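Put chains B and C on the given structure of chain A with help from the hints.
Protein chains in written order, with this note's numbering: chain A, 687 to 1034; chain B, 71 to 575; chain C, 588 to 929.
No lab work stands behind these hints, which were simulated from the structure alone.
Because the structure is a prediction, the values reported are computed rather than measured.
Worth double-checking, as some hints may not be accurate.
[Unchecked claim] No farther apart than 16 Å at their CA atoms in a straight line, the calculated lysine to aspartate or glutamate pairs in the EDC-like style are these:
#, chain 1, residue 1, chain 2, residue 2
1, B, Lys412, A, Glu903
2, A, Lys968, B, Glu323
3, B, Lys147, C, Glu754
4, A, Lys968, B, Glu465
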Amino acid sequence: MTAATTTAPTDATRYLRHGRPLWRRALLRPESVIILAIVLLLIVGTLTVPFFAQPYTYQTMILNAAPVLIMLLPVTLIIITGDIDLSVGSILGFSSALFGLAFQAGVPVGLAAVIGVVAGGLVGVLNGVLVTVVGLPSLAVTIGTLALFRGIAVGLLGTTSITDFPAEIPRFLTAPLLGLPFPVVTVAIIVLAIAFGLLLHFTPFGRGVFAIGLSPENAAFSGVPVNRTRLILFVLSGLVAGATGVYFTLQYSNAIGTNGFGFELQVVTAIVLGGVSIWGGKGTLLGALAGGLLIAALNKTLQLAGIGSDTISIVTGAALIFSVVVASIAGFISRRRRSKASAVTAAA
Amino acid sequence: MTDTTPLMQLTGVSKSFGAVKALISADLTLEAGSIHALVGENGAGKSTLVKIIGGLYHRDDGEFTLEGQSVDFHNTKEAKEAGIAVIYQEPTLFPDLTVAENIFVGRQPYTRFGGLDRAKMRRETLELTRRLGVPIDPEREARGLSIADQQVVEIAKSISVGAKVIIMDEPTAALSGVEVDRLMGIARQLRDEGRGLIFISHRFDEVFSLCDTITVMRDGTYIATNKAAEVTEDAIIRQMVGRSVENLFPKQETTIGEPVLEVKNLTSAGVFDDVSFTVRSGEIVAFAGLVGAGRSEIARAVFGVDRYDSGSVSIGGKAVPPKNPMAAMRLGMGFVPEDRRKQGLAMAAGVQQNITLAIRENLAKFGFITSSLEEPAARTWASRLQVKTHALDTEASMLSGGNQQKVVLGKWLATQPKFLIVDEPTRGIDVGTKSEVHRLLSELAGTGVALLMISSELPEVLGMADRVLVVREGRITAELSREQATPENVMYAATHATEEGEAAA
Amino acid sequence: MSVTHSVPPVEAGRSWIQKLLRAREFGLVVLIIALVAVTAAIQPTFVFSDGGWRELLRQPTILILIAIGEAIVIITRNIDLSVGSILCLSTYTSGFLFANVEGMPIPLVVLIGVALGAFLGLINGLLVAFLKVPSLVITLGTLYAYRGIAILWIGPHFIRSSWLPPEFRQFGTTPFLTIPLLLIVVLIVVLLVGWFMTSRRAGRDLYALGSNPEAATLFGLSERRLTLTAFTTSGALAGLAGLVYLAIYATGDAKVGTGYELEAVAAAVVGGVAIVGGSGTIWGVALGAFFLATISSALPVLGVPSLWQQALVGLFIVGAILLDRILFITRTRRAKRSGSAS
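Only chain A is shown next, with the shape it has when bound in the complex (with noise of 0.2 Å):
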């Protein structure tokens, strides 16, 4: 394998990155495109769909799609380690139903909401170790603990639900934030986001995470502690799902053993809408934020629009489908100019 590319040597301004203007590599990520698609879909809903336009569904829009949205950020770092979590939506209907027993059995609320998150933590724990220490495949751990917390958030409740949380709590929650059509909920979304977002893409760490996805051997032999990460990212899934449990049942005002049931699939949908890749590696926290808030305006939009709520099933499958379908076309197509670019290149 001789010189595949005869390209002069050595001049430092050979090695410009940008080939193209900055506004056509912007538009063209696959975030923009997405970001795009919310963007027409409210105009569109806001043109056609009565009662669209009013706060109100902004409000309800964050509202239902908060826990998705706050869970799919930790999960989309452990997706580009290559690793996967299908364990959060149970891990947060076990916080769910802890933080209830607990403050039904007279614990403070907010020593209730630890217990909840720290729960969250301790499942994320044992993920993390049957991942890392043990060395099993993720996919299969947290299929099993997507059951089995699932299941003791069920048997602890029966059928049985807690609802009688101070009504203070669901009303400051659920109400708009500063006479702005958002809820609290709003800010902490942000917040995490930009945390996740720093802590993925401009530190050390989030390099690492990307290398352990794309080669978890060349990971460990550039001094990536592969393990020790992948383990940190679990804990902090389990943390996060265990936080947003306590929400969601605050937020309700209601801890069932059903909370957050098949949330789990609605996380990996939207972090695969967003162009992050499931074989670990590629993609970007602001992807997975747009695909989730994507299903959410779909869903809110064919809602008010009357086609009713059970649609959101059909909606989220379709969307996940057709972006793999459009990704797996436009990854064909790069390919070939590529190849022949490089042909190109070669001819010269």
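Structure of chains B and C alone, referenced to chain A:
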């Protein structure tokens, strides 16, 4: 078959991958009842030629005849049906299937009730492996078989389909001495049965003792075919390299300073045993020995990628904690691993991402890192090492082997190591880049860096090293100074038991 | 050829008793017998009554069918999360046909139900094989999409038992030599699928693909064809399971089969199928499914609220993969030791 029709003949075969010409014009004539060596440097096109014969690639141009008939394979199945079997260095068995099923996969015999005739498969497997002198339990899973036994399974498979042409692609690279003897015995037996064998190896002793004909390739082109009895090793090497060996290794004289790396009594049960050595500043120490002797394993343990049971490693007098590459790096250690594609690079990542991975913590400001912090570092090292690439975000997989290796070297030089391990630094690299890499390593030693080089290419070891440590079966069996290190001494220590090795030193 | 000095003696095949004791199937049979025995000791009617043993055998059939389909997919190193949704569509389509098409012959409806399942499975297979996208993502999508179609179509309606012809309703109970006919059908299907996977080349190719995909491609096995085979079979079996559901429960709405995908994966894993593909038997999976389904009916008798059933399922999944891992490590160690000893 008459004497005039060769068993298999290829003439003027070429193959390109996009812009890369992997094969320019390859010729090969294989007679029945012969063992034919195919030699050439890494990148000479041997593997590509083998893959064309095996049906994995389709040739762009040239003649390919089998027993006088022109053939044209579009997949491995067609090649197999025509009687061609390829045995790779690391056989590709199905670990969950039994040995018998691995041999019969895709053509399992049925009983008259329509089920698999397992008894027949068992019987024939045992008979086949007995015939090869290596009976293997037909009912056991292929998982856990040694590489040598896996090769035997592959050979049994090729015999059972009646292969006329058997190609062995570096089969001995990962075998122990006894296993090599056994394999050579099998090869002779297959030859005596009238089959034609192609044997690819870098070990000239094997080539000369086993093969009757030697074809040399260089840079994708046919060079010459020799009768083994009528040619010397030196002549073959000249044909392979196309110039005299000395020019390849521009070794600079350096002043050797204080010890940098000290390894004491390093032991990992079943892998290596009681290994002690030092590497001084400005010194290039080479680990010589056969593949599988444990050289890479020792290096990996020193760097902390693998664990070890006992012993100690220190750099500049500071202890290096075990199983912690990050700590080793902080103390000034670097490691250019042998498998560039898997261990050295993230192939789907860009040049910049690869170069800055190991120094990501040093580049960070207040704990944060951005592309604009990484770019200067990446550009510096990419241009200093003359990496030929379009842009810093070009994927590593798009680069040639030599440029990929430069990226790996750049990544480690960027860490400004005091001690650098380079494991097979020039494997699969074209000759030009090879000497660039050698010059680079030499310069590096000149700046006072301590280097440990692992290489299976004897000329490279002899040309580059100030001191040669010969590793055999997990132990250092000889320490040779530059003056003492002759090919004979090194090979002797690498292949003979410890006492004799020390005697030779 | 005289190099025989280093030849290890061939183990003359471990005795069949040892093999039996080590097999996952054996462990499961013991577990099932123990579970049933303990339950029957507490409440004899669990087994020893007219309806008892029939119910005991009949209830797991749905899970068994989808689990063996799931197992085939997992053996090829894929996963099929859409089986629950496929089951739902098959159930409702069949009920709908009985209700709305006058004089629909039962075999034709069965055929349509199975064919619908196979078709939906084929779509999964095509997407996985041609897009080169992980099956987890594809079938996650179709899990939603198929369920969505069911919800859009069925809405709040549900199948009434009056829709079904009496012969079909009785199919679940009609005895043949005292054994319900339904059971015999499912048993034959399990035997057929099991025989295909152990004793036909195509079945072995599926194992080969999952065991080492690179080797399979190098060998010339068609990854696409095998992937299509696995997903289509899984879909067809889910379709059949949908009919069994209809025959047993004589009802069904848009929510039928929700969460079955996880139970199917659980049954496969408990039954000895490695999640990374290449190993496991259909018999083991059928027993695993039988075991998990029986637990849920035994729990109330054992004094545990049936609500804990899912937690147990989770525990068995985690336990089974841990056990597999431990067995794998000890086996590899043993193989290495015997290898280095020679």
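These are the hints, each one checked on the structure:
A distance of roughly 6 Å separates the Cα atoms of Lys412 of chain B and Glu903 of chain A; the hinted pair therefore holds under the 16 Å criterion. A threshold of 16 Å between alpha carbons decides the hint, and for Lys968 of chain A with Glu323 of chain B the separation of about 46 Å lies outside it, so the pair is violated. Restraint check for Lys147 of chain B and Glu754 of chain C: the C-alpha separation of about 51 Å exceeds 16 Å, so the hint is violated. Distance restraint check for Lys968 of chain A and Glu465 of chain B: the Cα-Cα separation of roughly 13 Å lies within the 16 Å cut-off, and the hinted pair is therefore satisfied.
The structure does not agree with the numbered hints 2, 3 stated previously, though it agrees with the rest.
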